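For the protein sequence lines, the chains are A and B, in the order given.
Heads up: take any position in the first sequence, counting from 1, add 561, and you land on our numbering.
Heads up: take any position in the second sequence, counting from 1, add 561, and you land on our numbering.
No lab work stands behind these hints, which were simulated from the structure alone.
What you are looking at is a predicted structure, and each value in this text was computed from that prediction instead of being measured.
One or more hints might be untrue.
Same chains, same label: a pair holds when it works inside one copy or across any pair of copies.
What the hints assert, rightly or not - Capping the alpha-carbon separation at 25 Å, the derived lysine-lysine pairs in DSS-like fashion look like this: (1) Lys-832 with Lys-733; (2) Lys-933 with Lys-901; (3) Lys-948 with Lys-933; (4) Lys-987 with Lys-912; (5) Lys-599 with Lys-658; (6) Lys-933 with Lys-780; (7) Lys-998 with Lys-912; (8) Lys-924 with Lys-987; (9) Lys-648 with Lys-924; (10) Lys-648 with Lys-912; (11) Lys-780 with Lys-901; (12) Lys-948 with Lys-648; (13) Lys-933 with Lys-563; (14) Lys-612 with Lys-780; (15) Lys-832 with Lys-912; (16) Lys-658 with Lys-612; (17) Lys-612 with Lys-832; (18) Lys-780 with Lys-948; (19) Lys-733 with Lys-933; (20) Lys-563 with Lys-832.
Next come the chains, spelled out residue by residue.
2 protein chains.
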Amino acid sequence: MKQLNVGILGLGTVGGGTYKVLTRNAEEISRRTGVNIKVTHVADRNIEMAKAQVAADVVVTDDAFSVVNHPSVDVVVELIGGYTVSKALLLAAIANKKHVVTANKALIAVHGNEIFSAASANNVIVAFEAAVAGGIPIIKALREGLGANHVEWVAGIINGTTNFILTEMREKGLSYQDVIGEAQRLGYAEADPTFDVEGIDAAHKLTIMSAIAFGMPMKFDEAYTEGITRLEQVDIQYAEELGYRVKLLGITKRTDDGVELRVHPTLIPEKRLIANVNGAMNAVVVKGDAVGPTLYYGAGAGAEPTASSVVADLMDVARLIDASSAQRVPYLAFQPDQVKDLPVLPIDQVKSAYYLRLRASDKPGVLAEVTKILGDRAISIDAMMQKEPEENETEADIVILTHITVEENMNAAIAAIEALSAITGKVVRIRMEELAK
Amino acid sequence: MKQLNVGILGLGTVGGGTYKVLTRNAEEISRRTGVNIKVTHVADRNIEMAKAQVAADVVVTDDAFSVVNHPSVDVVVELIGGYTVSKALLLAAIANKKHVVTANKALIAVHGNEIFSAASANNVIVAFEAAVAGGIPIIKALREGLGANHVEWVAGIINGTTNFILTEMREKGLSYQDVIGEAQRLGYAEADPTFDVEGIDAAHKLTIMSAIAFGMPMKFDEAYTEGITRLEQVDIQYAEELGYRVKLLGITKRTDDGVELRVHPTLIPEKRLIANVNGAMNAVVVKGDAVGPTLYYGAGAGAEPTASSVVADLMDVARLIDASSAQRVPYLAFQPDQVKDLPVLPIDQVKSAYYLRLRASDKPGVLAEVTKILGDRAISIDAMMQKEPEENETEADIVILTHITVEENMNAAIAAIEALSAITGKVVRIRMEELAK
């Protein structure tokens with residue numbers, strides 16, 4: 562199998578996550594790409610910490626330039642952050658005709674035009690999916706999935722720290738000052754949260770999306786930025802009374818006079834899906850002329866969500882290795898000889914929670930009989946609701962939510978319940994999914 | 562500029578939409594791909610209708626095989642539907658070494674394994690983004706954007722007809738029988754709605770997603786399918802009382818014993834984003850081990866949303882033409898020489914609606930003065946809320962929501978309002994976006 566040699570610069574949160582995901586999912590990743598994506602070099606100032614995280618055959622150094630200049634490295638992954646050293650490293654890698662993957666939104670938003678121009682001259686990839694909205698593949702959606710569209714506007718919750726703070730302010734009635742401390746304690750906000758709470762981080766990401774959506778250079782300097790520090794609790798309440806939620810939105814829109822590029826607290830009708838994006842999660846709405854509005858939601862930060870995008874970019878690079886083939890991406894996402902004949906479970910072996918509705922005589926003991934039948938089959942009850950009989954009726958509805966069980970157990974329990982003399986007719990059964998983990 | 566010659570089979574709703582999008586956005590599409598994607602041939606049984614829709618230089622025929630066999634056609638777009646003719650056409654196109662794009666979910670779910678195997682032998686692309694969830698680029702997200710992940714499960718609202726029906730049942734308290742007629746009148750349901758309401762259409766799409774997510778063959782025959790026709794209004798109500806919404810979900814999940822592949826009505830906690838996807842919209846949640854849950858939302862059907870995906874697939878094919886370049890997808894989505902220096906609007910030229918909060922003396926005439934200031938600047942009021950003064954206070958909050966205006970007008974109005982003797986302190990101003998169109 563062909564191999565792609567990767568050098569990672571910076572083995573912090575995202576760097577460590579990237580190494581972990583590449584290692585843990587190595588088999589699946591090569592089944593998808595047909596390429597062995599192998600971390601061969603790691604650079605970090607803390608050599609001991611780095612060595613403790615990687616396999617013995619990985620070269621660990623504190624000299625990032627030695628990785629960038631190493632002839633066997635095919636792709637450089639820049640996860641150092643900041644502008645100065647990271648920019649010099651990227652440009653050196655590009656000059657060495659190495660492909661580059663970065664999660665550095667500030668660098669791309671501020672120096673992207675220069676970096677792309679160098680990369681173009683050297684015919685190398687600069688991939689930056691991880692720079693915007695963490696694990697959400699929004700760059701790919703904008704560049705490829707929605708490429709048929711004239712994009713009209715993009716609006717996003719693209720900073721998890723501020724969305725966490727706004728969610729807490731709304732749900733707990735707290736002030737900004739109350740919440741920022743809590744967010745710092747929980748690790749949702751930095752010791753100096755300025756970049757996040759003043760909207761600068763969001764403006765970096767918005768700048769990148771505007772360039773891709775509209776085909777214009779990065780214009781971070783011209784972005785309008787207004788943060789959430791002066792937002793008062795009373796306005797969140799009043800907005801709520803009027804049917805709105807307050808979110809820190811990055812908005813970029815085409816108009817006849819120019820492009821809007823702005824980050825600020827924004828009232829959004831509560832019935833919009835994006836108004837219901839809570840906590841540290843991110844979401845982006847893209848409005849295209851053909852597709853209409855589409856929304857992309859997921860974790861906007863964190864070690865492995867960000868690594869998910871870094872590794873997806875590495876896979877795109879790996880797919881170039883055999884560019885002569887039309888099978889850049891295989892039909893079924895996995896290489897044809899790597900498609901496995903996994904068995905499909907029969908429905909009675911599927912595990913699910915259940916909603917049950919039964920019609921029962923309104924007399925003592927019925928509930929005890931029903932719960933015994935469930936208990937005998939190890940089906941535990943999550944919630945129960947017993948309705949009063951309607952006037953002139955002697956029967957009433959009982960609704961039961963169960964915990965997870967195997968469907969054949971549930972079928973047996975339902976048959977037993979239906980056989981009870983106090984139960985009329987069939988038991989209505991609807992499956993229930995938490996969709997949480 | 563290089564040209565990609567496209568033959569469209571079937572110029573119905575989606576075929577017509579595809580031609581329209583390719584024509585309307587031709588300039589932007591070639592700015593993105595560097596290729597002129599040109600419809601050269603169209604096949605439709607109704608030649609007159611087809612001729613009326615396309616330019617004079619397009620060859621129109623009622624013989625679809627003549628398009629599939631035409632030497633100058635590079636890509637065949639199959640939008641006929643069904644299994645028999647469409648399959649024969651696809652296989653003939655593949656044998657002729659032409660790339661193929663299709664929106665035919667039934668064909669891919671049932672005959673995909675055979676089609677992919679033929680395509681693999683001939684080294685051509687079979688692209689089918691439009692087969693699942695219309696305009697949402699979910700195939701690309703699963704195959705590429707989330708490729709780093711071990712996918713744990715996928716759950717989606719992937720049939721707009723049934724989601725429309727369930728939304729109406731919940732919001733209006735109607736029965737399935739009441740709503741199906743309305744859905745047919747509005748064009749949300751077919752005259753024979755069986756495929757939709759019995760979950761078969763959703764099972765086709767789910768089968769495709771399971772194959773891509775888990776690297777397994779299409780196993781449509783083993784999918785469990787349960788529709789919404791027997792769902793009763795009372796269960797939707799009870800679910801609501803317990804904090805749940807009922808949705809027709811397609812769920813596919815990896816377990817140690819096998820893969821779950823099932824479509825059925827499902828209770829979902831109402832606080833989940835997907836529980837709030839209403840009307841004919843689609844949404845898919847993908848749970849990856851690295852990224853966590855991500856959600857993709859948009860129009861799941863319709864001429865142009867589906868065309869958006871068909872054309873995105875054509876763009877992927879076009880990008881193969883110059884496969885030797887690392888610039889398969891340009892950095893900024895548009896070819897480097899096609900990036901335009903669009904001006905960014907200064908913030909005071911941006912148009913927005915506004916939330917205003919003012920603190921005013923509780924005496925007559927204040928509101929009249931405020932509304933006159935707004936009216937003089939052509940700022941119209943959408944809603945107003947006047948709070949009662951707190952005990953022992955003589956001032957109260959006034960909250961105003963305005964319609965859209967230019968920010969410099971609003972700034973002038975706010976200055977004038979703040980100058981009123983009855984107004985205390987600064988006016989709080991937060992921008993407001995409908996995000997609807």
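Okay, the hints, checked on the actual structure:
| no. | hint | in the structure |
| --- | --- | --- |
| 1 | Lys-832 with Lys-733 | both (21 Å within a copy, 17 Å between copies) |
| 2 | Lys-933 with Lys-901 | neither (43 Å within a copy, 71 Å between copies) |
| 3 | Lys-948 with Lys-933 | within (20 Å within a copy, 55 Å between copies) |
| 4 | Lys-987 with Lys-912 | within (22 Å within a copy, 58 Å between copies) |
| 5 | Lys-599 with Lys-658 | within (18 Å within a copy, 34 Å between copies) |
| 6 | Lys-933 with Lys-780 | neither (67 Å within a copy, 39 Å between copies) |
| 7 | Lys-998 with Lys-912 | within (14 Å within a copy, 41 Å between copies) |
| 8 | Lys-924 with Lys-987 | within (19 Å within a copy, 65 Å between copies) |
| 9 | Lys-648 with Lys-924 | neither (77 Å within a copy, 61 Å between copies) |
| 10 | Lys-648 with Lys-912 | neither (51 Å within a copy, 36 Å between copies) |
| 11 | Lys-780 with Lys-901 | between (47 Å within a copy, 12 Å between copies) |
| 12 | Lys-948 with Lys-648 | neither (67 Å within a copy, 54 Å between copies) |
| 13 | Lys-933 with Lys-563 | neither (60 Å within a copy, 73 Å between copies) |
| 14 | Lys-612 with Lys-780 | neither (39 Å within a copy, 45 Å between copies) |
| 15 | Lys-832 with Lys-912 | between (33 Å within a copy, 22 Å between copies) |
| 16 | Lys-658 with Lys-612 | neither (27 Å within a copy, 50 Å between copies) |
| 17 | Lys-612 with Lys-832 | neither (50 Å within a copy, 43 Å between copies) |
| 18 | Lys-780 with Lys-948 | neither (61 Å within a copy, 42 Å between copies) |
| 19 | Lys-733 with Lys-933 | neither (41 Å within a copy, 37 Å between copies) |
| 20 | Lys-563 with Lys-832 | neither (50 Å within a copy, 46 Å between copies) |
This entry does not satisfy hints 2, 6, 9, 10, 12, 13, 14, 16, 17, 18, 19 and 20, going by the numbered hints stated previously.
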